[in-house]
Amino acid sequence: MLFALRMSLMGLHFILAGVLGVLLGLSRPFNPDNSRLCARLYAWPAMRILRLRVKADVGPLMDKPDSCVIIANHQSNYDLFVFGNVVPRRTVCIGKKSLKWVPLFGQLFWLAGNVLIDRGNAHKARQSMLTTTHTLQNEDTSIWVFPEGTRNLGEELLPFKKGAFQMAIAAGVPIVPVCVSSYVKHMRLNRWRSGKILIRSLPAIPTAGLSLDDLPMLIAQCREQMRECIDSMDRQLQAA
Numbered sequence: 001m002l003f004a005l006r007m008s009l010m011g012l013h014f015i016l017a018g019v020l021g022v023l024l025g026l027s028r029p030f031n032p033d034n035s036r037l038c039a040r041l042y043a044w045p046a047m048r049i050l051r052l053r054v055k056a057d058v059g060p061l062m063d064k065p066d067s068c069v070i071i072a073n074h075q076s077n078y079d080l081f082v083f084g085n086v087v088p089r090r091t092v093c094i095g096k097k098s099l100k101w102v103p104l105f106g107q108l109f110w111l112a113g114n115v116l117i118d119r120g121n122a123h124k125a126r127q128s129m130l131t132t133t134h135t136l137q138n139e140d141t142s143i144w145v146f147p148e149g150t151r152n153l154g155e156e157l158l159p160f161k162k163g164a165f166q167m168a169i170a171a172g173v174p175i176v177p178v179c180v181s182s183y184v185k186h187m188r189l190n191r192w193r194s195g196k197i198l199i200r201s202l203p204a205i206p207t208a209g210l211s212l213d214d215l216p217m218l219i220a221q222c223r224e225q226m227r228e229c230i231d232s233m234d235r236q237l238q239a240a
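Numbered by the UniProt record's numbering, the letters in the sequence shown go through residues 1 to 240 in order.
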């Protein structure tokens with residue numbers, strides 16, 4: 001009963017947040033700070049509806065350079081709400097082109113200045129990557145990427161795709177990893193208190209002076225640091 005009530009409220013919230021987000025986007029289209037504000041619109045009420053307690057330790061993320069590539073582990077569609085309250089200023093996200101067909105959310109996502117990539121068209125995907133590299137170099141804007149490319153459903157980190165790291169090296173900007181604990185398997189949305197989630201950001205990893213020859217090392221370094229961080233947070237929650 002509680003689960004059904006929450007899902008009904010979440011449906012209404014998703015529609016209302018979408019309408020407000022589209023209005024915000026229309027009032028100042030493609031402003032790179034729209035993403036942060038829209039993320040808050042989705043996240044703050046959702047965490048109260050779902051009764052998920054989120055504890056964030058994200059000092060390095062809030063103190064990030066003006067331009068960087070932010071990478072995060074991707075577990076489920078709930079990531080929109082879980083990460084929403086820690087999205088920093090002037091940060092846009094990369095998403096698949098099919099998102100634009102999601103009513104309200106797709107239009108909001110586009111108007112917020114986020115980047116839509118057609119993964120089925122290699123030429124268009126490369127052009128989008130070149131655009132984001134230019135943005136990183138010249139517009140004091142950061143890019144948020146889920147390097148796994150798809151949801152891991154709370155299991156072990158999936159292999160990282162190269163795109164985010166190629167962008168960081170090409171633009172010469174650091175990478176800031178952001179990790180969330182493995183919450184998907186432990187949420188109990190049919191209970192009053194649904195669970196606790198930890199979010200932690202790691203120190204920026206510089207890419208200045210690196211070339212594409214350093215790509216495998218950079219990917220391995222980022223993935224291992226994130227894996228260790230996620231394991232540490234999971235142990236912390238289990239001990240509690």
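Hint data in this document are derived by calculation from the structure and do not stem from the laboratory. You may find that some hints are simply not true.
As the list claims (entries may be wrong) - Within a straight-line C-alpha distance of at most 27 Å, the following computed BS3-like cross-link-like pairs (lysine-lysine) qualify:
1) 96 to 161
2) 97 to 161
3) 161 to 185
4) 55 to 196
5) 55 to 185
6) 97 to 162
7) 55 to 100
8) 196 to 185
9) 185 to 96
Problem - Violations among the numbered hints, reported as their numbers in ascending order - result: 7
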